[in-house]
Amino acid sequence: MPQNYVPIFLFIALIGVLLPVTLLAAKLVRPDNPSKAKLMPYECGIDPIDSARGRYTVRYYIVAILFVVFDVETIFLFPWAVKFKALGAFGLLEMLIFLLILVVGYIWIWKKGALEWV
Amino acid sequence: MYALISLVKIVIALVLLLTAVAYSVWLERKVVGHIQNRWGPTRVGPFGLLQPLADGAKFLFKEDLTPPYVYKPLYIAAPMISVIFALTSIAVIPIGNSITVGGIRTPLQIADVNIGLLIVLGITSMGVYGIALAGWSSNSKYSLLGSLRASAQMVSYEIALGLSLIGVLIMSGSFSLREIVDAQGGTFWGFIPRWNIFQGQFVAFFIYLMAAFAETNRIPFDLPEAETELVAGYHTEYSAMKFAMFFMAEYANMITVACLASLLFLGGWHGPLFGPAWLQELLPIAWFALRIFGFLFLYIWIRGTLPRFRYDQLMSFGWKFLFPLAIANLVITALIVALKA
Numbered sequence: 001m002p003q004n005y006v007p008i009f010l011f012i013a014l015i016g017v018l019l020p021v022t023l024l025a026a027k028l029v030r031p032d033n034p035s036k037a038k039l040m041p042y043e044c045g046i047d048p049i050d051s052a053r054g055r056y057t058v059r060y061y062i063v064a065i066l067f068v069v070f071d072v073e074t075i076f077l078f079p080w081a082v083k084f085k086a087l088g089a090f091g092l093l094e095m096l097i098f099l100l101i102l103v104v105g106y107i108w109i110w111k112k113g114a115l116e117w118v
Numbered sequence: 001m002y003a004l005i006s007l008v009k010i011v012i013a014l015v016l017l018l019t020a021v022a023y024s025v026w027l028e029r030k031v032v033g034h035i036q037n038r039w040g041p042t043r044v045g046p047f048g049l050l051q052p053l054a055d056g057a058k059f060l061f062k063e064d065l066t067p068p069y070v071y072k073p074l075y076i077a078a079p080m081i082s083v084i085f086a087l088t089s090i091a092v093i094p095i096g097n098s099i100t101v102g103g104i105r106t107p108l109q110i111a112d113v114n115i116g117l118l119i120v121l122g123i124t125s126m127g128v129y130g131i132a133l134a135g136w137s138s139n140s141k142y143s144l145l146g147s148l149r150a151s152a153q154m155v156s157y158e159i160a161l162g163l164s165l166i167g168v169l170i171m172s173g174s175f176s177l178r179e180i181v182d183a184q185g186g187t188f189w190g191f192i193p194r195w196n197i198f199q200g201q202f203v204a205f206f207i208y209l210m211a212a213f214a215e216t217n218r219i220p221f222d223l224p225e226a227e228t229e230l231v232a233g234y235h236t237e238y239s240a241m242k243f244a245m246f247f248m249a250e251y252a253n254m255i256t257v258a259c260l261a262s263l264l265f266l267g268g269w270h271g272p273l274f275g276p277a278w279l280q281e282l283l284p285i286a287w288f289a290l291r292i293f294g295f296l297f298l299y300i301w302i303r304g305t306l307p308r309f310r311y312d313q314l315m316s317f318g319w320k321f322l323f324p325l326a327i328a329n330l331v332i333t334a335l336i337v338a339l340k341a
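Top line first, the protein sequences correspond to chains A and B. The opening position of the first sequence corresponds to residue 1 in this note's numbering, with each subsequent residue numbered one higher. The opening position of the second sequence corresponds to residue 1 in this note's numbering, with each subsequent residue numbered one higher.
Bound conformation, chain A alone (with noise of 0.2 Å):
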């Protein structure tokens, strides 16, 4: 029934609200005296050297695609899991294809190394 979401965006509404207030109560009583040294970025007390939007690795970019690849795969198992029984051997007989074919995909990645981190 639809009445029944209501409470979750009451209850994000709710909590919407509640942290700035405390952000702004935080506000009224703390101090605030900041000075050039504490305003630096941290970086163990040395200068900051460059700035800190650099490159970094390709990898976490290779992650994230096989994130998206094996996400979606999961979303598709979800509602096939809860009708599983009402599906029956047809049902079974295509997932496992599916699956089949998926996990000849993760050889293929893990063999192509990309699940390899160094």
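No lab work stands behind these hints: they were computed from the structure.
Computed spacing ranges between beta-carbons, pair by pair: (1) B:Gly102 - A:Gly105: 56 to 66 Å; (2) B:Ala277 - A:Trp110: 50 to 60 Å; (3) A:Glu43 - B:Arg105: 51 to 61 Å; (4) A:Phe9 - B:Asp182: 19 to 29 Å; (5) B:Phe47 - A:Arg30: 23 to 33 Å; (6) A:Glu43 - B:Lys72: 13 to 23 Å; (7) B:Val15 - A:Gly45: 33 to 43 Å; (8) B:Ile336 - A:Ile107: 16 to 26 Å; (9) B:Arg43 - A:Gly113: 52 to 62 Å; (10) B:Leu279 - A:Leu39: 52 to 62 Å.
In silico SDA-like cross-links for lysine to any residue, where the CA-CA straight-line distance does not exceed 25 Å: (11) A:Lys38 - B:Tyr71; (12) B:Lys62 - A:Asn33; (13) A:Lys38 - A:Leu23; (14) B:Lys72 - A:Leu28; (15) B:Lys62 - B:Glu28.
Note that beta-carbon positions come from the ideal geometry of N, C-alpha and C, so glycine has one too.
Starting from the structure of chain A, add chain B where the hints point.
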């Protein structure tokens, strides 16, 4: 009337959850202290029991530095995003059957929806946004590295987490957390409870547990925060109340995954019922709370025992061990259920 009851339940749940968060921090400091042959907090109140209150007051009165080089809108929004998504998932989690207060019978759950599990998974996976935005908007090297690590780790283990739940879904045939728990009532041969973990889902439980540790960035998967190399990771540049929000989000997430583990694998609130009627009404809540306490203790115990993974070990554990194991568990469960039917 419905809205009013919901509002009362929301306020009670929020107070309970925030108290639980505050006292799980106390529990962690105390238990880790004793594991390391120290006392933990002892000064504020008996057994340091008022320590969470003192910490809260301190967070409120600390100077809150907003460094000039940050991207301010996202820098302020990120901790709030983290907390909102960490707390919201409790809205669909049931903590017991239903209870009668003042002639009104109401389920012990804020929103009784039939896709509860999907909502919990959806909301908890939104938590990665808070961390990624915090790291990026801070404009500091440690923060960026921490948030990159956290994002990659959380998305990697989310797959194993999702796959480990499919076995449970096949057994119970429902997304509703309440129905999943109801399907686990009763016993085998009169003494083994029909929890999913005893119905052949113990491998799934193991995968879920590992993935949940990684999702909540706890030791041995706490690389995003690795104090010895990244200072504090994505929240290096945060102070005072905003830092406290990240802290709250982390512990609220721990409580959420503990709730989910109890509901899906350990039979939720099922347990022996005895005594007068009012006690029978309240006992399920106590059994459920006991399970969550057990999980929190396990978290802390492991934190006090294990060292941290290396990053390549973390990634290969998730992708090369947990993922194929989860697929195998899913196929075997499906085959067994199909053969039985």
